[in-house]
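Asker: Turn these sequences into a full structure, and let the hints steer you where they fit.
Each protein sequence line maps, in turn, to chains B, L, A and X. Per the working numbering, residue 1 is the first one in the first sequence, and the count goes up by one each step. Per the working numbering, residue 1 is the first one in the second sequence, and the count goes up by one each step. Per the working numbering, residue 1 is the first one in the third sequence, and the count goes up by one each step. Per the working numbering, residue 1 is the first one in the fourth sequence, and the count goes up by one each step.
Please keep in mind that the hints were generated in silico from the structure rather than gathered at the bench. Just so you know, even glycine gets a beta-carbon here, dropped at the ideal spot from N, CA and C. Take every hint as true, because none was put in to throw you off.
Now the stretches of chain A that chain X is said to cover, found in silico as 3 or more residues with beta-carbon under 8 Å:
1. 2-11
2. 113-122
3. 217-227
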Amino acid sequence: MTTLTMHNLTLRYPRQATATLADLSLAVASGELVVLLGTSGSGKSTLLRLIAGLLEPTAGDIRFDGQSVRALPAHRREAVLMFQKAYLFPFLSVADNIRFGLRVRGVAREQQRIAVQQMLALVELEGLECRFPAQLSGGQQQRVALARALVTQPRVLLLDEPFSSLDTSVRRSLQAAVRRIQRETGVTTVLVTHDLEEALSMADRVALLLDGRIAAYGTPQQVYTRPPTLAAARFLGITTFVAGTLHGCQLTTAAGVWVLGAASACAPAEPPRPAVVAIRPEQITLHPTRPADLPNCVLGQVQEQSYRGDVIEYLLKVAGLPEAVRVRRPTSDAPDPIGPEVWLHLPPAALWEVRAG
Amino acid sequence: MYQRSLLLLLCLMLAACSNTPAPLAPLPAPAPLDDWERIVADARGQTVNWYMWGGSESINSYVDQFYGTALQERYGITLNRVPVSDAVLAVDQLLSEKEAGIDPGSIDLIWINGENFASLKQADMLYGGWNQKLPNSVLVDYTNPALIYDFGVPIETFESPWSSAQFQFIYDSARTDPADLPRSYAALLEYACANQGRFTYIAPGPGAFQGTRFVKGALFELSGGAEQWRNFDQAQWEQWSPQLWAYLNELKPCLWRTGSAYPATEYELHGLFANREVDYSITQSVTGAGALIAEGAVPETARAFVFNDYMIGDYNYVAIPRNAPNRAAALVLANLLLEPEFQAAQILPENGFGLGYGIDVRKVTDEQDRATLEAAMDRLGAPATPPAELLAALVPDAAPEYQSLIEEGWRENVLIGN
Amino acid sequence: MLAPALVIVGGLFGASLWYSVLKSLGYLPFIGQFQITLEAYRNLLPGSGTPASREFLPALGFTLWVSGAATLLAAAGALGVVVVGLGRTRAPHAPRGIVPLLNLTLAFPHLVWAVAIALLLAQSGVLARVLFQLGLIATPADFPVLIRDPYGIGIIISYTTKLIPFLLLMLLATLHAQTDDYAAAAATLGASRWQTLRYVTLPLVLPALTAGMLLGFAFVFGAYEVPALLGVQFPRMLAVLALDFFRNADLRSRAEGMAISVLTGAIVLLVAAVAYALTARRTAGHG
Amino acid sequence: MQRGAVGCIWLYALASVLLPLGLFGLHALGPRWFFPALLPDSLSLEPLLALIGNPRTQAALGLSAQVALLVTGLAVLIGYPAARALTFAPLVGRGVILAVLFLPTVIPPIAIGIGLNSLMLQLGLAGTLIGVCIVHLIPVLPYVILTLSSMLSRYDRHYEEQAQVLGAGAWQVWWLVTLPMSLPALAVAALFAFLISWSEYLFTALIGGGRVITLPVLLFALVAGGNPTTLAGVALLIVAVPMLAILLASRLLGGGPQVVGVR
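Answerer: This is the structure:
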């Protein structure tokens, strides 16, 4: 069981204006599965390569259990990286692929054999040990790669978008298998993905990586419901941002005065200041008439509506707001039919302030 | 690493331009030429590298079988016959060795012809003073002018004879009646033009002396004699050469492929002859067509014939380079070539060599040897030209200066011209 | 890591080339000639009256003709095979088994191949014998002159037939490496079979074809053995001429021989540079 | 129509292999076969057996094999690191290096052969087996390096990183991953090297100084002598070995087209 910490990691290539990773710090608890979520080019894979020792940081430190591993070369770090493709050695059988890590460590043959059998059982591929990689399906290949990675009992397991090249159904089952195996083995794991759903469903904690920085870090629920910055919020599918002047719990906007959150969460002592608040589209409710006793109600004109199976999505024009407001309602709870005008209610508890950047 | 490789590269370039010879261990002092027994003793255990034209499989196996075996058994010498496509390759090798200052070199003995002999003499690459010191040199007639000039170049003490040859034609007795054979260049012209495309000769040029010799014969006949060509005379050449070109150009349209192409080697002409593209071939062999029949190169009905005059005869020789690594063994081999038993063997068609004697049979004192040599002559049989006819037509070669005049003149005036 | 390869190829090659150039400039130490002069090159110019001047230009023309004709014919042949034989298949891949067979032709060294061509096509060769038995010809002279002919037909046949499998393999390798199905893409965009060929397949194989043609041209241009075997005494190809002068009994003509071979190399380099410039411009457009 | 065209290619390919073999076979087995006879009067194995039994032929065969195998080994040993550097290492002057390596494929051998001979003499390598091998590397290496680097450029280095993170040290990565992954490329390159070296005449003749008599040198000497029986026999010998090598290689490597040098 290993804790993994990164301290002010920076990676900057010569002749490159911005750093690929800038002053990044992150702590992964022992046995935890942390998902690194981000767009392509955000530096996720680079971070994994740094942890694995395939890249050298420009500055900063990486520690396993508080001990720096910077001086250790990749093959001595005991941090196994699994790539998007399985990279099974095509000239080795499944069993030989799995025991590769033991072989290079000089583990006794009999132990290798036992370990291979255990791993095959773990990834549910018993009986395939004599096959060659070319004879396996994509999902099977990834399972073998996983077995090969785990057989050495690494201190840290690093997964670089291991499911992205698979079909949806195979991906689902493999995601479940990885989650199960990770729990069983308790190996500290960092998984990289750009798929929000995958991140939320698999992670103990999610780290949102944007432009080489951690934009949010917390449980899936924390990150999903309360992304702290504008950019993080945008990445998580939030499109409704309202700018205004915040004084205490009151936000004065061009669309009226809105109340934020529980009164205790506000700081009435502070002087008024400009602020931006965000709201998730599914938290806005729609009403045919103005709800009498609810705060934060505005009138919107329906511009578009689209059916999405479990939800219906609306785009509503609200006077005083520059962008149309996106609203998602469960199909069961949607007004049907909807008139040209509808009242929107933004519950105060669903509004939170986001920082710029 | 790159810097080091660059440096090495530079060194290589410099080495290529410098003339400083690579330092090599000096050879032990060679035995004096008068002490034959010591030469034989020195030669034991040596390997003699004999560079020779390797185009004829029958000659190759004759050499290996006869000399190779005898050298090993009698003298403990290993024969390394090095076949080259053209003796000029050996000349190239020697020149490069001289340029690089390589001594000892790689060649011990060369079967050489006049052109290359002249080149090596020009480059001062030959070992001298040895030919008449060989024990068997008493069998050689060193007063015979045909022998002491190689293509007109004096052999001095640089070459020892191996065999003799004379220019001859070959015809197929199954196709041509001997009575119809042309017996002079004039008759040949008539024959050729009466039988369009049925005659050709080997293109004169370096390495194809048979072709040059064919043209020389025409020159002799046109000018009415071979004697006046023994010494070089520019005026005489300018007087007769236009007539020579005229004759050859008259012949040209009647030739195979109307003279636009010529066989490059003797064997190519044999092929044309055997496949009935032309009626006559050319050979230098004392066995006439005999050796070629034995080899399967021409039909069994092939026979040799000569014109009534101007059939150039000569000797061929071996020479030892100045930087020969195994000089003693080379001397032993050169001596072995003159042994009467091998001289007798070399003329027999079934043995595959088929060139004439390098020694003078009259100088052989041993009765039995002499009888063997004479018997061998008698065994040549039908494919050979009768010795009397050969002798009657025999003339020696012209002065060496004419060689390149003829070759270049032929290219200019006959091959390319008009 | 490159050092040993560069020393061998660059070093040995460069030093030898340097040596050849020196000799062509009349630096002939074995006959005591150390002066550098351009005489050998001047002797090649027409009008200087030397044997070399009579033969150099015809040889140059003949060499260009033979190497150009052999290269173009081989390219046309290989392309024709790809177009006609494989053009209709959706992805122009070679039928199974043909590639190993074509590979086998590469086991024949050029000299051996030329010997086979001569045995087959000489006026008394096997083909002529077949025609004779069929009563189509009466004597070898009735058979067309294909070997040792003044137009270099024999040499061209030998090189063309030898180059076709080589170029074909290059083209097939290129098409094989094409994982994206451009031909199918073009077809869905409405291109006819011939349009697909013209606008898709041809441009795809063109770089490989150009490279192969250049290699072939350079090889034929500097070849010695085959022209020596299948050619006539005049005109001769440059390499044969060079070696002939080099091997002349008069050691002084070696400089001319070296000059001819240096020029042969220079011309090939020039052609290679032009071909490279042309293809570089073409591929530059594709990024 | 298409079936017919493919048939034509088949016929052409078959003819280009079988026709020369047949011609050589008939000539080698049938001496005294002259125009206008359609076939030799008699076929006998005797001339061919005599040729094969001839110690000179055997020596040439052995020497050819020795040279070609040595050259193959050297070419792969020298060419592989060079190709890897060309493919993966960030190089200054890559274009120049490529041009230098490309030169021997276009510059006619005649232009350098003579100078090479003098050079090798000065280095004391002329006329030696190793000298001939080194000189063979000049035409061989460019093909080996260009082949290897074109095949290596399709090689995914993630495999090496994968092995690294699984705990393999530099040597283990090389031995357990890089080498087996490169084997097909190495086999193709080795085949090219073998074929080119096996067929090489001019350089062998010039550098071997007549002391290193390989089969092509033997054949060229025979061409001037023109006896078709021996000529055809030697030609058969020259062709047989590379044919076996090619068959073996294509069996090992399977399908895809491979291109061998123009030589």
